[in-house]
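Protein chains: 2
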Amino acid sequence: MSLIVQKFGGSSVSDAEHIFNVANIITKAYSQGNDVIAVVSAQGDTTDELIEKANEINSHASKREMDVLLSTGEQISIALLSMAIEKLGFPVVSLLGWQAGFNTDTDYGNARIEKVCADRIRKELDKKNIVIVAGFQGINKYGDITTMGRGGSDTSAVATAAVMHADVCKIYTDVEGVYTADPRRVPSAKKLDVISYDEMLELATLGAQVLNNRSVEMAKKYNVEVEVLSSMKNTPGTIVKEAARLEKMLISGVTTDNNVARISVINIPDKPGFAFKLFSKLASKDINVDIILQSIGRNPTKDISFTVTENQLEDAIKILEKYIEPIDNSKILYDKNVAKVSIVGTGMETHVGIASMMFEALFEAQINIHMISTSEIKVSVLISSDDVDTALNAIHKKFFSSIE
Amino acid sequence: MSLIVQKFGGSSVSDAEHIFNVANIITKAYSQGNDVIAVVSAQGDTTDELIEKANEINSHASKREMDVLLSTGEQISIALLSMAIEKLGFPVVSLLGWQAGFNTDTDYGNARIEKVCADRIRKELDKKNIVIVAGFQGINKYGDITTMGRGGSDTSAVATAAVMHADVCKIYTDVEGVYTADPRRVPSAKKLDVISYDEMLELATLGAQVLNNRSVEMAKKYNVEVEVLSSMKNTPGTIVKEAARLEKMLISGVTTDNNVARISVINIPDKPGFAFKLFSKLASKDINVDIILQSIGRNPTKDISFTVTENQLEDAIKILEKYIEPIDNSKILYDKNVAKVSIVGTGMETHVGIASMMFEALFEAQINIHMISTSEIKVSVLISSDDVDTALNAIHKKFFSSIE
Numbered sequence: 001m002s003l004i005v006q007k008f009g010g011s012s013v014s015d016a017e018h019i020f021n022v023a024n025i026i027t028k029a030y031s032q033g034n035d036v037i038a039v040v041s042a043q044g045d046t047t048d049e050l051i052e053k054a055n056e057i058n059s060h061a062s063k064r065e066m067d068v069l070l071s072t073g074e075q076i077s078i079a080l081l082s083m084a085i086e087k088l089g090f091p092v093v094s095l096l097g098w099q100a101g102f103n104t105d106t107d108y109g110n111a112r113i114e115k116v117c118a119d120r121i122r123k124e125l126d127k128k129n130i131v132i133v134a135g136f137q138g139i140n141k142y143g144d145i146t147t148m149g150r151g152g153s154d155t156s157a158v159a160t161a162a163v164m165h166a167d168v169c170k171i172y173t174d175v176e177g178v179y180t181a182d183p184r185r186v187p188s189a190k191k192l193d194v195i196s197y198d199e200m201l202e203l204a205t206l207g208a209q210v211l212n213n214r215s216v217e218m219a220k221k222y223n224v225e226v227e228v229l230s231s232m233k234n235t236p237g238t239i240v241k242e243a244a245r246l247e248k249m250l251i252s253g254v255t256t257d258n259n260v261a262r263i264s265v266i267n268i269p270d271k272p273g274f275a276f277k278l279f280s281k282l283a284s285k286d287i288n289v290d291i292i293l294q295s296i297g298r299n300p301t302k303d304i305s306f307t308v309t310e311n312q313l314e315d316a317i318k319i320l321e322k323y324i325e326p327i328d329n330s331k332i333l334y335d336k337n338v339a340k341v342s343i344v345g346t347g348m349e350t351h352v353g354i355a356s357m358m359f360e361a362l363f364e365a366q367i368n369i370h371m372i373s374t375s376e377i378k379v380s381v382l383i384s385s386d387d388v389d390t391a392l393n394a395i396h397k398k399f400f401s402s403i404e
Numbered sequence: 001m002s003l004i005v006q007k008f009g010g011s012s013v014s015d016a017e018h019i020f021n022v023a024n025i026i027t028k029a030y031s032q033g034n035d036v037i038a039v040v041s042a043q044g045d046t047t048d049e050l051i052e053k054a055n056e057i058n059s060h061a062s063k064r065e066m067d068v069l070l071s072t073g074e075q076i077s078i079a080l081l082s083m084a085i086e087k088l089g090f091p092v093v094s095l096l097g098w099q100a101g102f103n104t105d106t107d108y109g110n111a112r113i114e115k116v117c118a119d120r121i122r123k124e125l126d127k128k129n130i131v132i133v134a135g136f137q138g139i140n141k142y143g144d145i146t147t148m149g150r151g152g153s154d155t156s157a158v159a160t161a162a163v164m165h166a167d168v169c170k171i172y173t174d175v176e177g178v179y180t181a182d183p184r185r186v187p188s189a190k191k192l193d194v195i196s197y198d199e200m201l202e203l204a205t206l207g208a209q210v211l212n213n214r215s216v217e218m219a220k221k222y223n224v225e226v227e228v229l230s231s232m233k234n235t236p237g238t239i240v241k242e243a244a245r246l247e248k249m250l251i252s253g254v255t256t257d258n259n260v261a262r263i264s265v266i267n268i269p270d271k272p273g274f275a276f277k278l279f280s281k282l283a284s285k286d287i288n289v290d291i292i293l294q295s296i297g298r299n300p301t302k303d304i305s306f307t308v309t310e311n312q313l314e315d316a317i318k319i320l321e322k323y324i325e326p327i328d329n330s331k332i333l334y335d336k337n338v339a340k341v342s343i344v345g346t347g348m349e350t351h352v353g354i355a356s357m358m359f360e361a362l363f364e365a366q367i368n369i370h371m372i373s374t375s376e377i378k379v380s381v382l383i384s385s386d387d388v389d390t391a392l393n394a395i396h397k398k399f400f401s402s403i404e
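Note that the protein sequences, when read in sequence, are chains A and B.
Per the numbering used here, residue 1 is the first one in the first sequence, and the count goes up by one each step.
Per the numbering used here, residue 1 is the first one in the second sequence, and the count goes up by one each step.
Hints were generated in silico from the structure; no laboratory data involved.
Worth double-checking, as some hints may not be accurate.
Chain copies aren't distinguished; within one or between two, either way the pair holds.
Unchecked claim - With a straight-line cut-off of 30 Å between C-alpha atoms, the simulated DSSO-like cross-links for lysine-lysine are: (1) 53 / 28; (2) 141 / 127; (3) 233 / 53; (4) 190 / 87; (5) 123 / 63.
Using the sequences provided together with the hints, build the complete structure.
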């Protein structure tokens, strides 16, 4: 007998038919003799509909009240799912975030789990109940409802699996697992059987959007084995765990990110501390800077280029204009027509020449590289967004054609 | 400075416009220097929509899960109302049933408040916050959400007023107060300035549907002054309090109830205990028997007639058929084409002849009386439902024409 945590996203419980599909998955695991805890998100577009309702009243409503409103989404889905499981004749109980003991900090709308007090969950499992838990939501030290931001249900599920020492945390979704590239754009993309936490983290950060980033960090921290799989197909998914590597694969995947813009500040003083001040200015306004490229100083001036997400471009420019203005000859340039292509894989730690394989693929496809950034398990390049699909396929072919 | 509890029903918060109307009423009272606690129901038809959602999944869902589902209704309305009050620039906080400390018994779907632990409400009032409380819902000893059944928000409001020693509990509704008869059917019906708890109780029981019965019982028990008034018109309503009586009015009102059916069991043995056993059989199946008429025994048999609510008629007949079957010659008859007309007033306690004034009015209108039932402050008659509007107007005219 195992203890299994399952997590179902909003599209998996969007209507009665989907809810019964999920109820069948849960009760099947229970019938096989397992203890089952299922963490559930709000139905389909519920969250967006609730936000719209709030905006009709007050588009600057407090985050506290937004959380009171938004947390009704999962409350509805756990009740309906429990009713479906009752209909199938199984013992079940639903628990809200505060009942399940998800203690969070006080950052409404983006709260982090500080502790899971799972006494109630344990008590219900002891009674042989299937336990349905509302994801995404918790309670803070004031006794108020908090929500964890988009994707928070993944974190709720992994945290539950961690504190309960579950054997596995199965994240059911609308894809069959983690792929070597987006299968809609790279027809030869392959589903990975296994991927490491670090690789998954890089992929999540890079916008692969299969698993919420915080949840992967937490899974890594508490060594929770996570499986990403489809709620509609009865096939094995991708297992995320420590230090997993398939011998013949040098990298785990190729991803792209179009939500990126390049800013160049040219002719700035070539003096110590200037770049530091510039980036701390941006950081203080919550603007994330990604790839940074600094020209070698040609006294008295130098150039700095860096990327930000496209929706933060405008804010970043405003801050820079205020800061750069007094300096003669310096200029701010920007380019939205860029995209980031990245390869991720722990194989880079042990194999040399992986970055150059990527550059070779791009060269063969006649694609110009604007900027390069590397980490221990990732190489990212900035290219023109017109080239992004060509680049994605060229790189994927270079690394995966041998195992096709 | 006073402490005011206000209660707003579902139609008062049905959309953004109504919500801002309510927000204006609340903030006006707050601006006048009062502490304000507002108890709110679910928006418009939310509860019915949620029930429909549940029925799609499981029409026999557990009451516990129904309560998890239904309690989202008020959660949405308190959040939206708080957002509207924030928009108007006032300090506000919303509290769910469990946060406001509504401790109930474990009777899901029809829970009774056992205790209000109002520490959190007090703390928020001390911080000069307007406090918006979700009506209808509470928490039981297991830490589970309970709901109080239809009209439960009235009870939440009165309980809050009782425990907080509020100066008044204002129940805002879509009528302007309590009337001497239904103004849609009796054009000359008058709004009462004052009515006693007992009269209000009889009216509530008789289906006047202005105030929930439990809430009036609680108001009486804790001597809470309640005002029933319109949320759309800025006029005084009807005050419900102890032993209030307008000199010139003999009765407070006339009500009718069409949801009634008469059952007659004829030719039953004229032996002690038979009627007792028959009614205890019905009571054990939760069938409420109202007016009872027993013929004088003509040894060896007698007849018993009584009324039940129309929707319990079928169940009652089934139980009776099972019970009566073995007895020779006895027969069960029923009539759905009946209605109950009642007059209510504490004046009856001190004035004689009030019942006969009612009978006189019915005689003058040529209406046949099937059955009669009286209490200290109420007289009810059962008549043909075809006559009910004629009877209502005739009786109202008899008692109130002098003060028209």
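Fill in: Hint numbers not upheld by this structure, sorted from lowest to highest
4
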